[in-house]
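Student: Here is what each chain is made of, one letter per residue.
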Amino acid sequence: MSFALSEEHEAFRAVVREFAEAEIAPHAARWDREHHFPVEVVARMGELGLFGLTAPERFGGSGGDLASLCVAIEEIGRVDQSMGITLEAAVGLGINPILRFGTEAQQQRWLPDLVAGRALAGFGLTEPEAGSDAGATRTRAVLEADEWVIDGAKQFITNSGSAITSCVTITARTGELPDASPEISAIIVPSGTPGFTVEPAYDKLGWHASDTHPLTFAGARVPVGNLLGERGKGFSQFLATLDDGRIAIAALAVGAIAACLEMSVRYAGERVAFGVPIGTKQGVAFQVADLHVMLESSRLLTYRAAWLRDSGRPRAEVKQAAAVAKLHATTCAVSATRVATQVFGGYGFIEDYPVARFYRDAKILEIGEGTSEVQRVLIARGLGLPVE
Amino acid sequence: MAEPRRVLVLVKYVPDAAGERSFADADSTTVRTTEGLLSELDEYAVEEALSLAESGGWEVTVATMGPEQAGAAIRKALQMGADAGIHISDEALHGTDALGTSAVLAAAVRKFSDEGGCDLLLCGMASTDAGMSVIPAMLAERLGLPQVSFASQLSVEGDTVRIRRDSETATETIESRLPAVVSVTDQINEPRYPSFKGIMAAKKKPVTTWSLADLGIEPAEVGLAASWSPVTEVSKRPPRGQGTIITDDGEGGVALAEFLAAEKFI
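Just so you know, the sequences run in chain order A and B. Its first residue numbered 1, the first sequence is counted upward by one per residue in the numbering used here. Its first residue numbered 1, the second sequence is counted upward by one per residue in the numbering used here.
These aren't lab readings, by the way, just hints derived from the structure by calculation. Where a beta carbon is used, it is the ideal one built from N, C-alpha and C, also for glycine. Incorrect hints may have been included.
[Stated by the list, open to error] Chain B residues, not near chain A, derived (Cβ > 10 Å throughout): (1) 79; (2) 133; (3) 160; (4) 166; (5) 194; (6) 195; (7) 198; (8) 199; (9) 200; (10) 213; (11) 214; (12) 242; (13) 249.
[Stated by the list, open to error] Below, in silico cross-link-like pairs of lysine to aspartate or glutamate (EDC-like), each with a Cα-Cα straight-line distance of 16 Å or less: (14) B:204 with A:7; (15) A:233 with A:183; (16) A:204 with A:34; (17) B:205 with A:270; (18) B:203 with A:7; (19) B:204 with A:8; (20) A:281 with A:296.
With the rest of the complex left out, here is chain A (with noise of 0.2 Å):
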């Protein structure tokens, strides 16, 4: 039995960490402040070969494992939230399903340049009133001569909208079946597709740095070789990436935590309060010793799910591990930045201090890629409950 990572996954720890806190920590602050997508930023990044870690060498990834990408969104997310979420979504959103379900000439034209981090691409699912809940999707794609035609809107779509998105790859309807159910397929559209309009970024709670925007659809037209995948799968496809995606939120929800951590051991050292420093009060200890906890224990369930899905274990078992990383992990994560903030102080309310921010950027944790609800929901299903 080992629970330690290889020594070649905490080399590339090092140098990860070497390179967020030499390229990323020191501007995470103002990024924020100014909502600043730091495209320059995403080029270094590719650089160091993260968004190929789990790509193929033909399209210049390193075919590396899961467990490798959970570290570099581990180490990157324990500076600056926003990159982590800029990194996780780009490979589990943007490469993974052009990867998974592409024709090689869709590999061909979209995988290298994202591959290289020269490129980012999103995925739209979510819509103003459907997210989990596919047979709500209303944006319809429907075939004229030789090209889908696509109206309708997008909500809340990662990395979308930057000065390098490449595409963005959308469900849409495309037909009804038998039962009267939608038809649901995935198309992807290239950026500056006429009728394709990236809406203004939100103005969100948090992750200020990572790029965000609903997207609109009026009579936008992309030849019929633009179907991703199956007509008709562009749902179930689209679930069958998200096991993946879940384990790595776990570990941006882990980057989150070990941060909290180490800045709050780090205060209640030095921080005195009547004459000692205020770790030397139980109070503020034991909450220090709970997000030592929190950390251990989230680190491990995420690290296991990505362990299992690089043995190949069948996929009932892994998407159970995942569900339950990924509640547990952002559950904490949350938790943690509240300590932290607690542990901090009044200066933990101001944004002198990374705490506050981490607080703000926590929150989404709990969110995206299916909420806390959608994983209980998930594990009481694998259990073999009749849940709803």
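Fit chain B to the given chain A structure using the hints.
Tutor: For chain B alone, kept in the frame of chain A given last:
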């Protein structure tokens, strides 16, 4: 296709300035640490060699002299992309001074050259611990090779290496025939981070270990006892004392000036 030319990069494993440090002996400035790393100034030399390799026709070997842990410096260079490593390691080397080090490295370069040729030797401009900057010159002298130091730009054409050296008063362009010993500054490039692919690939790259016997050097010629300049005493710098607080009761400026004058700052 022609045989690739061979560049040997000489690197040093140094204490991590951010880690805990202590002196290894009472009579040596050898620093013992829990963690060490590839000297940052040597990363520029490795990067320059890798750029040469990427331009085509070069094979990059990295050599270091040091204890077992020093293998980490070679590993880092291999992860960055170097092709092979040579680790010169021997119990008797402990405490060797710069002269002894240059003798060992010169023997290693000769052996390397005998086994397949050596077209270029690259070094960093100094080590980040001892910081003497003497090894490239000593090595060139021992090997009878030209030395061009402190290169902030480097190019190779045929059998000629051309470097730029920036000084306070002038920028020099210097050419030398190959093989030559070239030291590079921290202005020459931006060293890359190892990628995950590089880290995985490094596992399979060859690292050869050479002892003093392999190099034909007698243990008595090196080590602490053979040092030309023994250290007579080493003591830690005393911890910084409390500052002096001057309360301004109208004469604060005078008191401050007197303090600075007493400390010879003004």
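Student: Against the earlier hints, flag every one the structure doesn't satisfy and list their numbers going up.
Tutor: 1, 5, 6, 7, 8, 9, 17 and 20
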